[in-house]
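*Asks:* Sequence:
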Amino acid sequence: MRIDGGPAGGARAGKETVLPGEERPHSHAVVSGTLWNYSAAVVASLLQLGYTAYTGRAVSAAAFGAFASALSITQLLGYFANAGLATAVLRSRELTRGLLVATVRLGLLSGLVCFALVQATAPLWAEVWNAPETTGLLRVLGLQFLFLPVGAVSAAGLRRLQAQRAAVLVETGALAAGLLTGTLLLAAGWNPLGLAATSVTTQLGIAVLAGMLVARRLPPPGGRTGGRPGRYRELAGSSGFLAGHQLAQYVTNTVPLWAAGAVLGPVAAGYYSRSTLFTGLLLTTLAAGLTRVTTPALTRVRAQAPEPSPEARPPGGREEPAVRRAATDVLLAASALSFLPFAFLAGAGSGALRLLLGPGWDEAAGLVPPLCLFSAVAVVYAVGLSVDTVCGSHRRMAAAQAAAAVVTLAGAVLATAGDSLTLLALAALAGQLGGLAVQMWKWRGHGVVEARRLWVGYAVHAALGLAAYASGAALSRTAAGLPCPAVLLVLPAVGLAVVLCRPLRTRLPLYRVAAARGLLPLRVPDLRRSRTTRPQAQ
9 MRIDGGPAGG ARAGKETVLP GEERPHSHAV VSGTLWNYSA AVVASLLQLG
59 YTAYTGRAVS AAAFGAFASA LSITQLLGYF ANAGLATAVL RSRELTRGLL
109 VATVRLGLLS GLVCFALVQA TAPLWAEVWN APETTGLLRV LGLQFLFLPV
159 GAVSAAGLRR LQAQRAAVLV ETGALAAGLL TGTLLLAAGW NPLGLAATSV
209 TTQLGIAVLA GMLVARRLPP PGGRTGGRPG RYRELAGSSG FLAGHQLAQY
259 VTNTVPLWAA GAVLGPVAAG YYSRSTLFTG LLLTTLAAGL TRVTTPALTR
309 VRAQAPEPSP EARPPGGREE PAVRRAATDV LLAASALSFL PFAFLAGAGS
359 GALRLLLGPG WDEAAGLVPP LCLFSAVAVV YAVGLSVDTV CGSHRRMAAA
409 QAAAAVVTLA GAVLATAGDS LTLLALAALA GQLGGLAVQM WKWRGHGVVE
459 ARRLWVGYAV HAALGLAAYA SGAALSRTAA GLPCPAVLLV LPAVGLAVVL
509 CRPLRTRLPL YRVAAARGLL PLRVPDLRRS RTTRPQAQ
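Quick note: the sequence shown uses the numbering used here, first residue 9, plus one each step.
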């Protein structure tokens, strides 16, 4: 992905042109950061899977359902504690010591408020969920608000300073320490309170380590802007909408879990939460890894885009060509990186979850395919929200999230009336599809992306996902010793697809994006012409 400000090999201003090789250092920096995020996420996923396998045998479904309900409350308040401050740091044109100090102070204040609120209302939530264990779980989980805002802001500061490796090492190390703490406490008999201690230890580790590292990397207070005090009212106002939007997004995605716990009971909530935890590992990995890297990258593209004269300014508030190309490339990459792995997981995931959790979790395993579809769409939708965040379009973000919320709520009502966990998973999927549809409709009208190229790319990657699903299903049935005559056709079909796609690889959207950004040594036909653009109007 190209993150310089000019068009793809075209003019920056007047007759000055950008050579194709000039975009490669920026593109490779973004890819390097993405690889660091994904490498650490693979390690984190393996740790989580091992922890899940242990807790699946050590913690009952009802106890885990109570923990999931308590966790959903603290995660809800976490958006108030963070207050969009981490996103504000990522979007900052220049990260100064004054800005970081201001965000940390605001985060400490909001975290203390959330901590006090959780401690005071913990018994009330236990009565709502009809689970006495929730009181102790909430009070332990509430301790993380003393550290969460500082950790989130500090980690965002490292990423804004392009220290992706330091950020992911801190987060992965803190997660490992938290999982180890939870495992030891559960083994010592603190069941299920050991589950809550995991989050507290993790957030404490991130706050301490990331805070120390980002403080060392910032310019000294005596610099030109390093010591300038932060404007608290302006900072709170700019992050307020982001916090509200993130809160609405979380509530929308958690409505099915709340419906399962409140209407269908804690056991049903345990089944649903186990399935979402299993698919959510990959969802969090892909969505967080992409948005953490692409948000500052797109910010730089938009900031460095040349200012056209009034006569050449795009009509109707449309984005500059460089921004449209960069946003489209990001979204195409997100669709390929989400559709294919989640399609494979939809085929193989049910058997894998049964093997991971052991007997008694068949109903949870049956929810994996629809939740995989939900997760695949959710990744693309989340990256689309990142694009709108960079472009500063609050109306587009609000419209898409409103559509997702309405569709999800309506589907949840129907699902609870039908007493079906599968319908709850499908309601979550329908909500994400509704939000994505509104996103694409708004983008087309406001010239945010290259709409036709994006839609075709989505369709191609979705079609390739069907083959990935068939491969996953065949592998799962074969591993379980079940008859699967179709497995005899999978390998020849894959081989034939490779043979046919090799000469057509330059037509694949992800391949063209990588080649256009200088990430492949091969040249794509017709790209040379796309690298040269007419000089912009003076």
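Hints should not be assumed to be uniformly reliable.
As the list claims (entries may be wrong) - FRET-style restraints, in silico, Cβ to Cβ:
{"id": "1", "residue 1": "LEU363", "residue 2": "ALA296", "range": "20 to 30 Å"}
{"id": "2", "residue 1": "PRO367", "residue 2": "ALA270", "range": "47 to 57 Å"}
{"id": "3", "residue 1": "GLN127", "residue 2": "ALA470", "range": "44 to 54 Å"}
It should be emphasised that the hints constitute simulated quantities derived from the structure, not laboratory data.
Even glycine gets a Cβ: it sits at the ideal position worked out from N, Cα and C.
*Asks:* Does each hint fit the structure? Answer for all of them.
*Replies:* Hint check results:
Our hint of 20 to 30 Å for LEU363 and ALA296 holds, since their Cβ atoms are close to 26 Å apart. At about 27 Å, the beta-carbon gap between PRO367 and ALA270 misses the expected band of 47 to 57 Å. The hinted range of 44 to 54 Å is satisfied by GLN127 and ALA470, whose Cβ atoms lie roughly 47 Å apart.
Checked against the numbered hints above, the structure violates only hint 2.
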